[in-house]
Structure formats: C-alpha cells, structure tokens
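**Q** Chains as they are written, first to last, in numbering that gives the first Met the number 0: chain G, 0 to 331; chain D, 0 to 331.
Source of the hints: derived by calculation from the structure; they are not laboratory data.
Hints are not guaranteed to be accurate.
A pair holds if it fits inside one copy or across any two, identical chains being indistinguishable in the list.
Cut-off 27 angstroms, straight-line C-alpha distance, at most; resulting in silico cross-link-like pairs (DSSO-like, lysine-lysine) [to be verified]:
1. K42 to K303
2. K126 to K82
3. K190 to K243
4. K309 to K126
5. K245 to K126
6. K303 to K243
7. K245 to K256
8. K243 to K260
9. K260 to K309
10. K42 to K260
11. K126 to K243
Owing to the predicted nature of the structure, the values given are computational and were not obtained by experimental measurement.
Here is what each chain is made of, one letter per residue.
2 protein chains.
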Amino acid sequence: MGGDSSPEDRVKGALLAATELDVEVALVGPEDVIAAELAKHPKDARISVVNSADAVSMEEDEIVRTVRRSRDASTYVAMEMVKCGEVAGMVSAGNTGAVMATAFLSLGRIEGIERPAVALVLDYNGKRVLLIDTGANVDCRPNHLLQFGQMGSVYMNKVFGLPRPRVGLLSNGEEASKGNELVVDAHERLKESDLNFVGNIEGTHVHQGSIDVLVADGFTGNIALKAGEGIADYIIQQVTAAIKSKPWLLVAGVILKPAIKRQLASMQYHETGGAVLLGVDGIVVIAHGRSNAVAIKNALRVAKVAAENKLMETMRASFSRTPRPNSFPATN
Amino acid sequence: MGGDSSPEDRVKGALLAATELDVEVALVGPEDVIAAELAKHPKDARISVVNSADAVSMEEDEIVRTVRRSRDASTYVAMEMVKCGEVAGMVSAGNTGAVMATAFLSLGRIEGIERPAVALVLDYNGKRVLLIDTGANVDCRPNHLLQFGQMGSVYMNKVFGLPRPRVGLLSNGEEASKGNELVVDAHERLKESDLNFVGNIEGTHVHQGSIDVLVADGFTGNIALKAGEGIADYIIQQVTAAIKSKPWLLVAGVILKPAIKRQLASMQYHETGGAVLLGVDGIVVIAHGRSNAVAIKNALRVAKVAAENKLMETMRASFSRTPRPNSFPATN
C-alpha cells in the first residue's frame, strides 16, 4: 500500500511476477481490499495475503515519528517479514522517505555502512548505469561517497554480473581538481580505494557506456536525475508539437512513433524496476509511486535476482572489513 | 581569440552583427590574422581591428597566474577597452575560467557583490530561464545564492524587460525543507528578500514557464545543465537510430526533421548568444567555445542589448544598498 499506484496495478503486477518469474508473492495490506482485487483474477497458489493496516500517509517532516508509532502499517509488516526471513525481499511503491525510515527501524544498517542510499539503474538502451545516491542523503561527507561507490560496485557485480564495475564520480569536469570540496575530497578516497574508479564524469557523458556506477551525494544525484527528466519531457513535448503542426507531418509521426518508443523504452521506470535501498540489512526495492503492473512485476524481478545472487551476503562481507562508524544519525 | 571557434567564424559573426544589429565591432587579436580574414569580405566601416597578442592557452590550474603575466593577450586588451569606456561591452569565445580571471583583474567586481557568476539563458521555445551560476563558484554560501538571485533579477529586468522576474531556487523538492544545508538556508534568505521569490523548483519543472531566474551554486547548476545536455544528446541519438532502422522510417524522418529542428532550435547556444558574466564591472559575454558566425552575432546582440538598457548602471545601483563584503577570494 502507499504511493499513487492502485491496488489493482499492484495485484496485477504480483500475478504477472508469479507467472513470468516463477516467484511466490505475499501481498501485505488490508486483507479485504486485497482480497477484493484478487477475486477479479483466476486463483494463483503462489499469491498469499498478509493482513496489515493501510500505509500511513505522512508529511515529509513527520516521517520518522509517524513510522515509529505505525508498526502495524503495511510497509513495517512487510519489512519485518524480510527481517525474520519469511520472504527474500520486499517491494514498496510508497513514499521513499517512509520506506527508508521504516527500513532503518526494522532492518537496520549493515555493519560498517554509514549511510544507506537509494540507487537507481539508468538504462540507456542496454548501457546500464547505477546512480547512487538519488536523494536519500542530501548532505554527505567524502567517506559516504566512497561507500556509495562500494555499495554500487557490489550491486552491479551481484545483480548484473559485472566482474569489476567501473565507478565514476559525478562532477563538473573530468580533471581530479574539478568539483566542489566534497567531490574533490571524495575523488581522492575513491582513487586510493580498491574499487575500479575511472575518475570524474560529467552529465554529458553518463549515457555513453564508460561507467557502471555513478556516485553522487543525494542532492546532486537527484538534481541530475530530474534535470534529465525535465529535458526529456521538453524534447518529447516539442517533437510532438512539430508532428502536430501539419497533416503530412502527423502521418510521418504516426509511422515513426512505435520505433521511437521502442528505442527509448529502456529509460522508463516501468522497465527498470525501480530503485533499490542499499545499506540496510535486507532487500528493499522502491518502485515508482505511479507504477503500473509491469513496473511492479519488474520491481519484484529485481528483488528476486538480488536474493538469488546473494546480494546481502556479499554486501555484509564487503563491509565487514570496514571499521564501524559512529556517525550515522540515530533513528532509534 | 581563444576557444575552438575559428577566426573565420568570429569575423563573419562580427560582420553579421554590424549589418543586422547596426553596431560597431572592434576585433581584438593579432592584426595580421584578423586582417587576412577580413580581406575575404567586402569592407565594412563599422569593423575595426585592435592589435594584441593571441589568447594564451592555459591549463585550468594555471589560469590566474597566466592571466597576470599576459596583459597583452586579446582578452585582457578587450577587457581594458570595456573598462575605459572605448567599447560598450565585449564578447569572448575563450576559456570561461580565463575570461573570468581576466575580468576580475581588469574590471573588478561591482561594489557589494561577493561572487561574480556566469549566467546562461535557457530558452524553452520562448520560455526563457536565466540559470545562475553555471559553474563559476563550486562552493557557495547562502548569501552568494541570494546575490545570484538579485543579479539574475536585474539582468532579466533590464535585458528582457520583465518588470518583476520570478526567482526559483533549484532543489530536490518544492517544500522549503527540501535541499541540502546550503539550499535550505538560501531559501530562507531569498524568502526574506525583496526579490519575487517563488520558492524551490525541481529540474522536472524548469521548462514549464513558472520562473524567470533559476538560482543554483555553480557546481549544482553545472551538473543540471550537463545532465540535461546528456539526455538531450541521448534522445536525439536514439530517435536517429529509430529513423534509420527501416527505409520507410527514414522517409518519415526526413519529412519531419526540419519541423523538429525548428521546434528545438531555441535550446541551442547558437541562438541564445552565450553566457554572461555577472557581478564584474562591465559587460562581458562568454560565447560557446565552438561558436559559429550566428552564435558570435547573437553574443554581440546580448552585449548590445545589455549596454543599451544600462545593465551595469542598474546592477551598481541595486547593490549599492548592500553592505560591502570582505569574503571574496582575492585575485590581486
């Protein structure tokens, strides 16, 4: 529950996943609402229902407080199922802040990780780049960025099978001297680490296939992501206007549309399966708030692949060498 | 001189400007190179040549030092002409850092302005947004962002005639609480100022016409700009691939191309005339390093319009009410 996507789409997505991915899916939320949706479809033994209160709607400012008093909310109940091993991972299309706060409270951090982060796979026609962080941590220290690089590398290694993921640092220029204080310092640490760090990368080059992991603080990562979305939106709007300006252009446009759509499909969140919360001790996929059934299915696929490839075990092992920090803002 | 654009394009651009904008243009650089270029065109009495050394090519790290010992370089000579009032403003297609360093040394800051910034007009099919700063100041304090808003407002008022430019602050969410520490603090200051501050704005909304000035520190502004360029590049590349995939799609594509180009033309730097260095005491337009003749002409038009509308006088008056700061990193 939670987010803008309908129970209808979520139930459909779960059924799609059960069939196409051969997974069992537990739907967590008010039993009557879910049962009513399920009744519209043929019975599938791989789908179960776990009763909980609805997701709690929250103001950004109140998230942590609200989460603490809402241990019967669907997100919390699902998270506890991850924690005690009843399920291999979870998907939520709820508010990212609420999912994060719940994850901190329920699952906790993996030892050695200072700041869990939200990572998103950007897919440029098969050239995949994991952007980490997309907005969870707006104020970072250099060591956080180093750890984002490490978490991102583990993820791309386990989920996409890349032997040695190439890590780039988002900056305003390629030279090591470019960037704000945070980025210049983080560059040094990444360079000294045993990650496959290829240096700074500018937004103009991210789609060109030279990196697998793109490290940024959550503020910068979010700005880059939304600036790209804004321009994409604008260009599509302008191309549509051009097509509609004359009848013969409209004909040409109609002919081209499916090919263009196919070519750009990989960019859409429906296909990429949503963001992943890395650094907490369990598999948590955050689907887009407006996910349709296909998006939900793909988010479930991400959780499945991560679990099958032992993402958590590798993440824990990778950070067990790191000295325990004491700098994470307490959430309990 | 300087930058990647040829003397040929610059001379052509100057001739275009002389004819179309009815301005006099002094070309500053090695006399023999410029004379050879001019000889290819019919004589125009509005064009003059001012001899100087070539632009000095510099490594980013050496800019300030190099500028100090290169007072015969074309940029410095042109800047001194602005300073002593021989010309109303100048255009350079050279390295931005070098132009800035030269401007600090020659023109100096306007009293009251802590950090000069590079501002760029983004043009979304006639909806114009001035992004300030695009990269000059990678580490800012909240008061710098406030001043960027003020400089941007004066610019959009004088150059585009907007009575009360709407100022937005680039952030990762619309709520006042969203942003990193810098942005949250800058939001407060902008809100308390007498600017027409409309609040935080996300990159997804910049092109929608709700703001005239977009404030960001130079690191964030640069990231947003290049992320947008990257996505635009990717989409155009994918659309081209789609068109080329089948002969009949290619036909449709060829029919559509001019209309799409026309619709997207306003986004290109050739049309917008380049960036403006605001905060130094003189009109300095920084054209794109790869400017063609039209881009150079449009950059000259920006300088002309700014001069005619008394941009500098208004800027000085606007900041004369601000107490003098002592925090600007010394360049002399």
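**Q** Each hint needs a verdict: does it hold in this structure or not?
**A** For each hint, the structure was consulted:
1. K42 to K303: Classified as within: same-chain Cα gap 22 angstroms, cross-chain 73 angstroms, threshold 27 angstroms.
2. K126 to K82: Neither: 33 angstroms inside a chain and 51 angstroms across chains, both beyond 27 angstroms.
3. K190 to K243: neither (51 angstroms within a copy, 41 angstroms between copies)
4. K309 to K126: This pair counts as within: shortest intra-copy Cα distance 23 angstroms, inter-copy 50 angstroms.
5. K245 to K126: Between copies only: 23 angstroms across chains, 36 angstroms inside a chain, cut-off 27 angstroms.
6. K303 to K243: Classified as neither; 43 angstroms inside a copy, 37 angstroms across copies.
7. K245 to K256: both (16 angstroms within a copy, 13 angstroms between copies)
8. K243 to K260: both (17 angstroms within a copy, 14 angstroms between copies)
9. K260 to K309: neither (34 angstroms within a copy, 49 angstroms between copies)
10. K42 to K260: The answer is neither: 34 angstroms in one copy and 52 angstroms across copies each exceed 27 angstroms.
11. K126 to K243: Between copies only: 20 angstroms across chains, 32 angstroms inside a chain, cut-off 27 angstroms.
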